[in-house]
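Student: Sequence:
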Amino acid sequence: MQRQHFVPGKVETLSLQEPDIGDLEVVEIEHNGFVMNVISYEVTFYTCDVSHASTDANVSLILYGTLDNIGIRKLKRKGKLTRLHIEHDNSMIFFDWFLDKVEVINMDTNETIGFLCNRWLGFSFNQPKFCATAIWNSNGITFANRSIVGENPFAIFVSTSNTIYVANKENNTIVMWEEESVNPTKVITGNFTVSESLSVTSNGDIYIDDGFKNGRVQKWIAQTNTFVTVMNVNSSCYGLFVDIHDTLYCSMTQHHQVLKRSLNDSVMTSNRVAAGTGIYGSASSQLYSPHGIFVDVNFDLYVADCYNDRVQLFQSGESNGITVAGSTSLNPTITLRCPSGIILDVEKYLFIVDSGNDRIVGSSLNGFRCLVGCDESGSQSNQLYNPFSFSFDRSGNIFVTDSYNHRIQKFQYFEESCNKFKMLE
1 MQRQHFVPGK VETLSLQEPD IGDLEVVEIE HNGFVMNVIS YEVTFYTCDV SHASTDANVS
61 LILYGTLDNI GIRKLKRKGK LTRLHIEHDN SMIFFDWFLD KVEVINMDTN ETIGFLCNRW
121 LGFSFNQPKF CATAIWNSNG ITFANRSIVG ENPFAIFVST SNTIYVANKE NNTIVMWEEE
181 SVNPTKVITG NFTVSESLSV TSNGDIYIDD GFKNGRVQKW IAQTNTFVTV MNVNSSCYGL
241 FVDIHDTLYC SMTQHHQVLK RSLNDSVMTS NRVAAGTGIY GSASSQLYSP HGIFVDVNFD
301 LYVADCYNDR VQLFQSGESN GITVAGSTSL NPTITLRCPS GIILDVEKYL FIVDSGNDRI
361 VGSSLNGFRC LVGCDESGSQ SNQLYNPFSF SFDRSGNIFV TDSYNHRIQK FQYFEESCNK
421 FKMLE
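Numbering (the UniProt record's numbering), first residue to last: 1 to 425.
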């Protein structure tokens, strides 16, 4: 569920929560314990016609118990209307809203209050919901081979519009496929080299690692087709992530740290440590060659801690991590060997690229299990060889960078695997 408070006349940062049916409510203000008469309000949402924006999702509201989400709402008030609470449910096929503003008219006084937003509502990446018995086809389809993605592809991202992005390290390009396209629909060239990771935001902007040689993270601006430097780093970023408050995270494998920087900060030297001491080790505060990262809506940071063979959770504001996957976890989970990628689904179950074991594993109500690449490593359709990162598409299919096989493999999600077991219950 996506939620946000907006104060009149100010541009506020959008704060997203886990998807669910959403509401918008007015925050009640105490006024000497006196309850005023019923007042009617008319609420209007204004969206923008911008690239990648749509209005399929439910952006609904509650004004103190009124469940309808259009027209005039009646409300018993204590004091003056000063704040709205928006919730966006991330549902439907095209759910990324770009909300310009909300106007509220007091129908008794004809007073209009404007709540400025100018923000995206919705995630740029897919977080499907799976049942505990979900199954993927064990035989993958080669979506793209070396002639398209180059040698040892690492970075992949699939957006909520099912656009696929892959960094070609050999040609120093970003290759894109629009939904259902067999061949690439766009190839972006730029002054970046050996890019190990990339991340894409809802407006189509691409953040790409350029740390190995040039010591920076670049952003490709979709609207202008130009690159700008958004972060200075000392090494490659093996993981990049942009959270819901526009904070950019870089997983610096050679420095055993995750750094972050607010993209709203005009000072380029504003990097802060998100996790790790900078000295490799296995203590709760340390990392050893961190790879992929994921930040949830609570700003909890998940790190694929490769050489410690574990996934660490650093709760917001904490410098000591909790092992949530790996043989050293407090509760039994799964044995990992150099995990390199991490994604959470909509219910916060973990899906991990277990690179050293050439497989992808996932958790559910029943614990961890292997999903694809569950046999020995190799180049057959049911095998992986040093996979590095993966992404879900909107249907729950898995796209994985099969690095040493120099290809992108697609593993189809069998949706009926859940329906079948439900019918048997």
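The set of hints was computed from the structure by calculation and includes no laboratory data.
Only a predicted model underlies this, so the values are computations on that prediction, with no experimental measurement involved.
Check before you lean on any hint, since a few could be wrong.
[As the list claims (entries may be wrong)] Here are the simulated SDA-like cross-link-like pairs (lysine to any residue), alpha carbons at most 25 Å apart as the crow flies:
(1) 348 - 284
(2) 213 - 179
(3) 129 - 319
(4) 129 - 145
(5) 348 - 319
(6) 129 - 298
(7) 129 - 179
Student: State for each hint whether it applies.
Tutor: Tested hints:
no. : hint      : verdict
1   : 348 - 284 : holds (21 Å)
2   : 213 - 179 : violated (33 Å)
3   : 129 - 319 : violated (30 Å)
4   : 129 - 145 : violated (29 Å)
5   : 348 - 319 : holds (21 Å)
6   : 129 - 298 : holds (19 Å)
7   : 129 - 179 : holds (20 Å)
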